[in-house]
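Novice: Each chain, written out:
Protein chains: 2
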Amino acid sequence: MRTYNEYRSMAEEALIPALSSLGQIPSPLLEAMCYSLQGGGKRIRPVLLLAACEMAGGNAEDALPFACALEMVHTYSLIHDDLPAMDNDDLRRGQPTNHKVYGESIAILAGDGLLNAAMEVMAAAAVKSGRPEGIRAAETIMRHAGVTGMIAGQTADITSEGKTPREDTVRYIHEHKTSDLLEAAVEAGLILGGASEEQVAAGHEYALHTGLAFQMTDDLLDVTGSAAELGKNPGKDADQNKMTWVALRGAEGTAEDACREAELALNALRKLPWDTEFFKAFTESLPGRKK
Amino acid sequence: MRTYNEYRSMAEEALIPALSSLGQIPSPLLEAMCYSLQGGGKRIRPVLLLAACEMAGGNAEDALPFACALEMVHTYSLIHDDLPAMDNDDLRRGQPTNHKVYGESIAILAGDGLLNAAMEVMAAAAVKSGRPEGIRAAETIMRHAGVTGMIAGQTADITSEGKTPREDTVRYIHEHKTSDLLEAAVEAGLILGGASEEQVAAGHEYALHTGLAFQMTDDLLDVTGSAAELGKNPGKDADQNKMTWVALRGAEGTAEDACREAELALNALRKLPWDTEFFKAFTESLPGRKK
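Protein chains in written order, with this note's numbering: chain H, 12 to 302; chain A, 12 to 302.
Read the hints as simulated data drawn from the structure, not as lab findings. This structure is a prediction, so every number in the text was calculated from the model and none was measured. Careful: at least some of the hints might be erroneous.
The list treats identical chains as one, so a pair stands whether inside a single copy or across any two.
As the list claims (entries may be wrong) - Lysine to any residue pairs mimicking SDA-like chemistry, simulated, CA-CA at most 25 Å apart:
| # | residue 1 | residue 2 |
| --- | --- | --- |
| 1 | K139 | I27 |
| 2 | K174 | Q35 |
| 3 | K174 | E42 |
| 4 | K111 | K174 |
Construct the complete structure from the given sequences, taking the supplied hints into account.
Specialist: Written out as structure tokens, the structure reads:
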């Protein structure tokens, strides 16, 4: 196993080459895609995918196309989420959002392009490897990203705006908007590493609860953080009457719930036969974000 | 081989079940996706995919998930293409466009959802079949739909608006906006049917030229047709200063070029060892559209 920053560098160095491997992409589409792909961020999803693959005894290099694809999926969702018709954000990670730089039509196409590119990169890797794990990992990632996963969460997030917070709805939004891509990362990494179905199920449980803790602390930051800390405008959730965990349980209750979810994530790790310190450390770093 | 309408019915009956097979899709996302999927149209792409598979000796039932996926890709591209930030169309196939019925944010998510669903359906079918042809067909479809294919064509279409028509640019737009998904249909169908690389290459050539003839006659219809004939507002291309073949070559020149492209398509069919009457008839039906 390597360090978080080693996995992060691996993924960041592979992102643009993965895009270039697809062929000649016209301007300004390529620039718009690269602008958001290179927008930084913690690269949590590709890092967790690579780490899960190595933890299960696989080769991180073989998992790189899937790690890049997952970051492309995450990036496309941010571009479309920021559009005027969606959350209408001007700032993302301290930079102007994609449509502010390239215009709305190119931002829509850049998002479509990154989602499609993710699938192309995974399909090409699966064809090349010839191993059934490749297509299974691709299927897992697309399912978690799709209309019963992340996109279902985006839909619930939008349709619940301005409504009275309900626990089942907020949990549904968090599970799908946030946990689903973390589940995709851990499950796909474990599949590529050759893990058993039971081990993949434990990885799913870990990622589900870590995602909930992650989103709860993110909701907290939105009410307590500054634009400098967040790299985006704080208070947006309240301004847009988003149905957040804080709106439901208050700041204190949300902090408590985040710690409880983190505990559930750590319990799931105990079902795995490997050294899970990497994932334990990742989850324990989250509640600290609220300080 | 079956008739065009038999393949069309096969595909239309399988579309919604293919979507439902993915699981619980929340409202109004499911309704918005189904609204555009059931918007009719000639179902050219799934029909060509199923016919190519059977022509090559394959089983059309096994190719159905890929035919449905291709129609989902085509449908998502229409939803996003019609958005206010793109072509801003109110009417599609005689019906209000998706964003006019469900609003812009749900229309964006419905498009994203259909593209993602297409990949999920193909990946699930490839995992189930266990045959390498499945993932190869999926890779072919995603490549033609992607940032070096259809999305590249959409980008060129938007960035060339209002510019003086150039033959290389108009051809690039037509090849990618229109031919690419027809190439995806014929190539993926042939791959699933077990065709050789040379046969897939001939299928590519057929679909490329048929797509150009198709788009040229479509450009003609936009200047000569009525809203009733088109199911959309005529004259939009001119209103938006689109770089069309008619703007480049005039109505007469475009009609001649469409016939020439159709001839090139028929020549490509002669390289195939099977009865290609189905594809010959399809291409010959196109120039008639301008009457």
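Novice: Look at each hint and say if it fits the structure.
Specialist: To see whether the hints hold, each was checked on the structure:
Taking the shortest Cα distances, K139 and I27 sit within 25 Å of each other inside one copy (19 Å), while across copies they are farther apart (32 Å). For the homomeric pair K174 and Q35, the shortest alpha-carbon distance between copies (22 Å) is at most 25 Å, but the shortest distance inside one copy (46 Å) is not. With identical chains, the CA atoms of K174 and E42 are at most 25 Å apart between copies only, with a shortest distance of 21 Å across copies and 38 Å within one. When the C-alpha separation of K111 and K174 is checked against a cutoff of 25 Å, the pair qualifies only between copies, where the shortest distance is 23 Å, while the shortest distance within a copy is 29 Å.
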